[in-house]
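There are 2 protein chains.
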Amino acid sequence: MYNRTEIASLLKNQPVGEKVTVMGWVRAFRNNQFIALHDGSDSGTLQIVVDPEKIDSTITRRIGFHACIMVTGSFQHSQGAGQQFEIHADVVEILGDNDLEKYPLQPKKQTMEFLRQKAHFRMRTQTFSAVFKIRHAVAFAVHKFYNDRGFYYLHAPIITGSDAEGAGEMFRVTMLSPDKPPLNEEGKVDFTKDFFGKATNLTVSGQLQGEIAALALGKIYTFGPTFRAENSNTPRHLAEFWMIEPEMAFYDIIDNMDLAEAFCKYLISYVLEHNAIDLAFLDQRLKEEEKNLPTDKRRELGLLEQLEFVVNNDFVRITYDEAVSILMQSKPYKKGQFEFPVEWGRDLQAEHERYLVEKEFKKPVIVRNYPKDIKAFYMRLNDDDKTVAAMDVLFPGIGEVIGGSQREERESVLLDRMEQSGIHPDEMDWYLDLRRFGGAPHSGFGLGFERMVQFITGMGNIRDVIPFPRTPGNAEF
Amino acid sequence: MYNRTEIASLLKNQPVGEKVTVMGWVRAFRNNQFIALHDGSDSGTLQIVVDPEKIDSTITRRIGFHACIMVTGSFQHSQGAGQQFEIHADVVEILGDNDLEKYPLQPKKQTMEFLRQKAHFRMRTQTFSAVFKIRHAVAFAVHKFYNDRGFYYLHAPIITGSDAEGAGEMFRVTMLSPDKPPLNEEGKVDFTKDFFGKATNLTVSGQLQGEIAALALGKIYTFGPTFRAENSNTPRHLAEFWMIEPEMAFYDIIDNMDLAEAFCKYLISYVLEHNAIDLAFLDQRLKEEEKNLPTDKRRELGLLEQLEFVVNNDFVRITYDEAVSILMQSKPYKKGQFEFPVEWGRDLQAEHERYLVEKEFKKPVIVRNYPKDIKAFYMRLNDDDKTVAAMDVLFPGIGEVIGGSQREERESVLLDRMEQSGIHPDEMDWYLDLRRFGGAPHSGFGLGFERMVQFITGMGNIRDVIPFPRTPGNAEF
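As you go down the protein sequences, you meet chains A and B in turn. Going by my numbering, the first sequence opens with residue 6, and the numbers climb by one from there. Going by my numbering, the second sequence opens with residue 6, and the numbers climb by one from there.
Just so you know, these hints were derived from the structure itself, not from any lab. Treat the hints with care, since some could be wrong.
It does not matter which identical chain is used: a pair holds within one copy or between any two.
[Stated by the list, open to error] Below, simulated DMTMM-like cross-link-like pairs (lysine to aspartate or glutamate); rule was C-alpha separation at most 20 Å, straight line: (1) Lys113 with Glu295; (2) Lys198 with Asp184; (3) Lys380 with Asp421; (4) Lys138 with Glu278; (5) Lys203 with Glu174; (6) Lys364 with Asp319; (7) Lys198 with Glu174; (8) Lys198 with Asp95; (9) Lys149 with Glu278; (10) Lys391 with Asp326; (11) Lys107 with Asp434; (12) Lys198 with Glu235; (13) Lys203 with Asp184; (14) Lys185 with Asp195; (15) Lys364 with Asp301; (16) Lys203 with Glu235; (17) Lys123 with Asp431; (18) Lys17 with Asp153; (19) Lys107 with Asp431; (20) Lys107 with Glu266; (21) Lys270 with Asp288.
One chain only, chain A, in its complex shape (with noise of 0.2 Å):
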């Protein structure tokens, strides 16, 4: 058993004048004298003051960037400016040397794409180490969120043999020879005789087993990793991600709307509280590097100002109708600079629902009741037959960060939703076994785990928020 205490204890419990051991990595090393050590516990460094009269010169030689040590002394108030603690080290002891002419990190800013191929060292770094922190802070709070609401995590199943879900972009999940694999009597591969008996994926979402799970326990939500084999190499597609998907028994899409902005209101806000250093450094990171931008290029408010202005304001909720028609009598529209057309019965594009946020309202703005031929079978169709009980929540500088619905939940309606969508309802029993005995109303919607950490952390790339990123051609560690 170690004898050393966590930084973060040594800045709560104060022990001045006690004599100390701590373990940890040097982040700089001034002057032959003052280290700045962390050790995870807290997001700051804790000053190691070196007396070359105590400390051999064979071992201040070894103490270098990102070096491992471990350092006992005794741990008093500083003189010095830029921190209230500091230990005067009696013993420095080299736990694992850095060899900073082989280390492929180096003391100095290095390019997001590089680091990207440096996976397994870039959490070293203080960029990172914000994000991440923040990453587990956001995904605590989705917990501690629905927990408190009396919610039910819910893990629905990874690997899938349901066909319904949009079987395209889906990933096969196989044990069967690649190279031999068996055939059945069309000379196809034999998926019978595959592990689970049938052709299996990745699934894409969570949504129709939560259903299953709302309809018993009442509230449930699940977090986990969903697949999407999509081609796209861009900024804002990863091929693993985590999304959160609550569904409700009982509860009507105005319902639904309530719970998602209560929702992204206290993960921010719950970030606001627990990582104020964290975010300090983003936001000072992100003012840096608007500096090289023009103005008209910067962003209007800064990350922390944009966190607050979130947490503090009602979204605005409008009708597809109502934003349809606000585009129609926009500048962009009337100037033709939209790239994409505006018109009843289409779906809003990323430039339209950039300017609902940005340049009409200035807020988070939530959307409902789009024309049904646009969105999924599963959605409650409205009284005035052509819209669906859907919903979409849009945020500045990422756009949806959640969509959901009210789910159908009359059969008659879901099997002629079904049969329009081509799905036959076979395919489906079970789901409209949901409906046939003891069904309720009910909603539901999913966030994007990594979309709502890029909003709080201000990273440009989905790559940047997620630990180990998958991607076409990328699957490393």
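We have chain A; now place chain B onto it with these hints.
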């Protein structure tokens, strides 16, 4: 927006005399007068009193087992035994009929096997409702335990391109055409043409990636799905299950054991504190089940007693050497009753582990310092050059719940161990990098989440503690 109140909220705020609306499902309807209603918000039910003079018989007739209804009425103290409050219904509306002639579930005891085939309904039963509410509580307790202690939640990758994890039992993830895959010059399937540019599999463990994060952030934990393509149709195996894998810099094997013990106790204490109704129900269920067993097959302790027992006792800690010598002096060994041999250098089998836990110590046991040849290459070699700093936590009834180790942080020793295990250093260059550059002593372990939920709920088959079990031949929903 529905104007309804959740049952849990009514029981908490007790608005006696007020008019309230509730929505929920009927668990029972006695004497055409008393409805036991539940809506998931509370593990119990709320009594609804139906007055035939107020509620028409065309409605009353449709109030049956698992029908979904809305009730408006007056919240009152109950005069009857068995409940404190009830609602005197003014209006009952049917939200979802339930035709018992066609409904697969019936208001009587049904076998676990039958319910497993009706997985979209089984959560509606009291047993599974209790199990999945406890599963939620355990999951939340996992996050709370680590968050409170300054650990960061890490999402380890699900799709992995890493070769070194034991490929035989891994599921392949692919987007290549099953019928006409591209071939390389040797006529084999060319995985360089696959989505990720190489062959990829579903992860069997997040440990190695966890080490990357721990050596940057200090203390991390994973909690995600893991996969094993083992063709085992037993009550103990799942192809898809959830694992928790904490990994800590600056922890040795003793720190690791301390954390593992505190973690187990915390999870169980949390459920004892938060799920009293669910546990009492499952305790009773087990007792009734055991009535049919001969006395010597019954548990010595009831479910609740066993949980209290684990929480209130120190785990016994012994070395592998001690374990072997205890077993060699045991009655079953001397009488030749063990199926598998006991000999230094062989792994302990389930029967040996159970003997240690259930007969010798009657407490959870942690065995450490196993022979290096039966353990993984990354476990830290002890000074005796024969054993490694591995540890297994053994529980009554289910055997090993936790396996962990201090990791080998010395590059040269690790290289030797890799060579002995037939792993080429090039395959794991990044893993070696973690030792080459600012490496730190570190440790970690893995807990099989479903095993722990099984222990806490007393469910005999692991398929009954995961919402949608994946096993050979079975990937429904």
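Right, here's what the structure says about each hint:
no.	hint	verdict
1	Lys113 with Glu295	within (19 Å within a copy, 67 Å between copies)
2	Lys198 with Asp184	both (15 Å within a copy, 15 Å between copies)
3	Lys380 with Asp421	within (14 Å within a copy, 58 Å between copies)
4	Lys138 with Glu278	within (13 Å within a copy, 30 Å between copies)
5	Lys203 with Glu174	both (18 Å within a copy, 18 Å between copies)
6	Lys364 with Asp319	within (16 Å within a copy, 62 Å between copies)
7	Lys198 with Glu174	between (23 Å within a copy, 17 Å between copies)
8	Lys198 with Asp95	neither (67 Å within a copy, 58 Å between copies)
9	Lys149 with Glu278	both (14 Å within a copy, 17 Å between copies)
10	Lys391 with Asp326	within (11 Å within a copy, 74 Å between copies)
11	Lys107 with Asp434	between (60 Å within a copy, 14 Å between copies)
12	Lys198 with Glu235	between (27 Å within a copy, 15 Å between copies)
13	Lys203 with Asp184	both (18 Å within a copy, 15 Å between copies)
14	Lys185 with Asp195	both (11 Å within a copy, 13 Å between copies)
15	Lys364 with Asp301	within (14 Å within a copy, 75 Å between copies)
16	Lys203 with Glu235	between (23 Å within a copy, 16 Å between copies)
17	Lys123 with Asp431	between (48 Å within a copy, 16 Å between copies)
18	Lys17 with Asp153	between (28 Å within a copy, 14 Å between copies)
19	Lys107 with Asp431	between (61 Å within a copy, 17 Å between copies)
20	Lys107 with Glu266	neither (49 Å within a copy, 40 Å between copies)
21	Lys270 with Asp288	within (19 Å within a copy, 40 Å between copies)
In the structure shown, a violation is registered for the earlier hints numbered 8 and 20, in ascending order.
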